[in-house]
Amino acid sequence: MTATSDREQMAYVSAQAADARVNVELDTGDMTLNIGPQHPATHGTLRIACQLDGEQVVVAEPIMGYMHRGYEKLCEVRTYPQCTTLINRIDWLGSFANEVPFILAAERLMEVEAPPRAQWIRTILFELSRIANVALFLGDMGVQIGALTPVFFAFRDRERVLNQIEEVTGGRFHPNFDRIGGLKDDIPKGWIEETRSVMVKMRTFCDEMEDLLVGNEIFQARCRGVGVIPPEVALGYGLSGANLRASGVDWDLRRDANPGLSWDQVDWRVWTHPDGDSFSRYWVRLQETREATRIVDQLLDGIPSGPIMAKVPRIIKVPAGEAYISTENPLGEMGYYIVSKGDLGPFRVKIRTPSFNNISIVPWVMRGVYVPDVITILGSLYFILGDIDR
Amino acid sequence: MTTLLALPYWQETGIKLGLALAVIPTTSLILVYLFLFKMMAFMQSRLGPNDTGPYGTLQLIAEAIKFLQKEDIHPEQADRRVFRMAPVVVLASTFLLYVVLPAGPDAVVENLDTGVFYAMAVSSLSVLGILMAGWASANKYALLGGLRAAGQLIAYELPLILAVMGVVIQAETLNLQGIVEAQATGEIFGFGAIGNPFILTQFLAFLIFMIAAQAELTQTPFDMPVAETELVGGFHIEYTGFRFLLFFMAEFGTAFAFAALASVMFLGGWWIPGFDVDDNILNVLGPGVMLAKILLVAFFIFWVRFTYPRLREDQLQKFAWKVLIPLSLANIVLTGIFKVVF
Amino acid sequence: MTDETTTEETPLADDKRERLLNDLSESFGEILVESHLRPHEDVWFRVKIEAWQDAAMVAKGAGFEYFGFLSAIDWHIAPEGRYEDTEFDAGLVEEDDEPVEIDSSTGYGGGDTRFQMLMQLYSLNEQVGMILKADVGDDMTVDTVRDVFPGADWHERETHEMFGISFRGHPTLQPLYLPTEFEGHPLRKDFPLLARQVKPWPGVVDIEEIPEHLEAQLEAEVMAAFEANEGGS
Amino acid sequence: MPQLPGLIKGLGVTARTAGRTLFPKRGWKTLIPAPQKGAVTVQYPHEKEAPPDRARGVIALHEENCTACMLCSRQCPDWCIYIEGHKVKAPPRREGGKPRTVNMLDRFDIDYALCMYCGICVEVCPFDALFWTPEYEYSEPRIADLLHDKDRLGEWMETVPDFLDYEAGSEQKVRKVPR
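Note that the protein sequences, when read in sequence, are chains F, R, H and S. Under our numbering, the residues of the first sequence are numbered 1 to 390, in order. Under our numbering, the residues of the second sequence are numbered 391 to 732, in order. Under our numbering, the residues of the third sequence are numbered 733 to 965, in order. Under our numbering, the residues of the fourth sequence are numbered 966 to 1144, in order.
Since the hints were made in silico from the structure, they are not lab data. Note that the Cβ used here is the ideal one computed from N, Cα and C, for glycine as well. Keep in mind that the hints are not guaranteed to be accurate.
Said to hold, decoys possible - Pair ranges (Cβ atoms, derived):
no., chain 1, residue 1, chain 2, residue 2, range
1, S, Tyr1101, F, Arg196, 24 to 32 Å
2, S, Arg1144, H, Gln949, 32 to 40 Å
3, H, Gly901, F, Trp364, 13 to 21 Å
4, S, Pro970, R, Ile727, 24 to 32 Å
5, H, Thr845, S, Lys1141, 38 to 46 Å
6, H, Val930, S, Glu1088, 49 to 57 Å
7, F, Asp250, H, Asn754, 26 to 34 Å
What the hints assert, rightly or not - Sample of chain F residues with no beta-carbon within 12 Å of chain S, all distances over it, derived:
no., residue
8, Asp30
9, Thr32
10, Pro37
11, Gln38
12, Thr84
13, Asp140
14, Leu148
15, Gly236
16, Ala257
17, Asp267
18, Pro274
19, Pro304
Turn these sequences into a full structure, and let the hints guide you.
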């Protein structure tokens, strides 16, 4: 088959076939364009198989699993403290926030409550990881639609927040700092002041993003009216977080179903936008980042003194039962359904990740948009691959 | 045409062509180093390439060597002959542009009487090369990129030419040297101390020219044919090694050439405003003055490139046909009226 | 209607959830099997498997519009995996600690079969979540709730590949995560986790004891050296 | 006040950043370009970043404190700690006492190719034998070399920073690093 004499013949035949095929495709009936698995817009390995008519998308079908790590199965063979190290790696940008709902669910089953100081510090770290996570989105959205500079600003300023997280937890991305019944350690001296100055810088960053992107007419032309998701559709698909609030649904788990962190102690507001398009998703996230810096500032003022660990046995055994706790993570509602059988490790953990639901709306929202809009919508829905594939 | 050295025609032309050929890599090197490496880095709080040579100046040469070492890869389904030709066609368009760009009263390869016309005609050759590349790569991203480029470049050729028309009407010549002369000797309503750089009297045309040039050069906000984050490089997605280097050089070479065109037509080219100097001195100083003006124009091109997001293809077409072309037509009418009245 | 509302532990009375539980139990009517309430948590309902889709519709009608997730539980105690190798746990638990007791019940709301469907819904008006359960019969088939909650589409595909439960009426039950040629259902308890099978557990190694016949000899040697040292100083 | 168009504002942001990067100095020195100072990036091989003291870079082993109790090895989620040991007889502490049986550590390996830097081993160690250090430069061309034995782990002990003081209001006690 691969003899050299055959090669020329083959080349000729394939050239003929290529001609014929391209001629057929030029009447733009259905061209399949694979966006991904390795494509800059998918920041990870997500593949979107698009049926195109010219530059218009007829059907878009996300295909994933390139990064499926089977965390639900892995959690079943690990003890509770070991699980948190895995859970760090689900949404790798907002890692501390991942630990919190899992730990809260386990605490709920054990009926222990972390002391106030631990809860307070948890909330600060939670909001810091939200800022670190969403700041990257704020820049990345720019790069998705062609602006080169914002993403560098985002990396520059996110670094400061990550340093603050690292100074407390020892890990930039995988803190593994939350424990059943409290925290691993207390905050070091001088950290509060540093964090305050970082928060000031983050607000400047938000202003810069406002000037660079939100106010930019080209950005608005690209994002306004693109990928509109009405609220009832968003609810049916289980969209959460800023994606839901950008559709005008005023729902924030931090305010409405606080599972025991310190958000009710401070003054803040939930931002919503009535449009439901890509621009409003960006706008809501920008406002939320600002709000998060305000929350952190207020929390820093009032950290109560006291222990950081409740009384828990050294070998943690969680009593039999089931609990579902979800929190408002940077990407949306992240929840863990833990089934325990009174053992050292969970019997079954169902991980409800925000990106999985958020991205499941893609086939619905991407009908009839242009190829560049695919990127805008993907960017504005904001997913983390680890959060989809788990 | 007076020449400094009396050489036979073919020798003189040979030397000049050789110079023009050497100028393309040099100019793209300058632009890439100054703007793509350094200015962009500073705008993003970085340092940029810093290790190769003093302040990273040799980085691009290192990159070029790297590109040259790479294996020459063709996609299996590619139309090989066209695939190989495409970068050469694009580069040829750039090269031909340099032929008419004046850097001094006599420092020009060929002083064509229809210089502007020639420059516009030659610059649109690159569309052909891009289409060829997009078609021959046998890649859907490349095809989309190529088609976008074709649509976009054709749409922007028009405002580009129409904007130049204003200048031509005012200078009463198609000769680029003549346009420089007209700016040097011109007066703005009787005030002639700084001559008449057409950027003052033809500001609208200058704006239109710059916007259209941005699109012509496929720079952000009009870089849909390349569009790294959606088409992953568009028409040159399948090119590697020295073929990619040719595209790369052509991109920046053309940017330099367009900046040169803009400075010739709107900023007075090699002429120093307010100074009346001898031609021979200008032949020496001219390239320097030209370079300064070109870098100024290029600075704006790249500043915009590093700041703005990219438009969508349909928005770009709308902008070209509904805004730029009517505006440039209005500019021609206005220029004509003023020309007749004054 | 077998409404065995188990409210054994009520530290704080939760009127909102009790009212909701009663209202919903009424709307579910015949299809409800069991329900469970823990104050300030989601409300558990177990419904008949034939009425899975109806239950979703009723819940949606009652204001539970937000679709959280859909999955399943395998209640089988694994022959492979964690419970076979008790040495894992034995090494972790200290000797004076009470041994681990495995609870053999099937969770809140009960369950009779090995597989159980699980769905979480949320009511934005009441700010209360709800967990719907249903026992999956031997035919391993459930009606799809895709038409009620479009977001269930992918969750059902995931459940299908991970547990092998089919969804009647779902048009594209292709695998979501796993490669098409993958065999088996990884989240079933009898699916071995290879990563924990191929490598021995390093914790198995214990400290090497002194052989008994050498003990006396070594002891004497050490004492001799010790005394010599003492005498020297 | 009339609104500036967003396009112009955007240009302003990038230009301002470029200015700050190129001319970071204050006063008359503003005119001296000093991008090395203005840029936020660290020129890695030339200058090194100092991670915070708590950074989890590499694990150090204080061998004298290790009793080969196997706790870390058993709690490790990745199964990447390998410990072997044997019991020996040691002289009594006091005169007239009986000889004691103590554990001798033969092997203590951490496979950094598997380790996911969770810190569980450091945390469960009851005898203060394991410590985190912020060192990070120990990459190897061969994956097998990432298995650090007890001597290599012991060398890291020098780089262990002291534990930090706590912020006011804390009831934690500051621990001491054995030197």
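Checklist entry - Which earlier hints can't be squared with this structure? => result Hints 5, 6, 12, 14 and 19 contradicted; others consistent.
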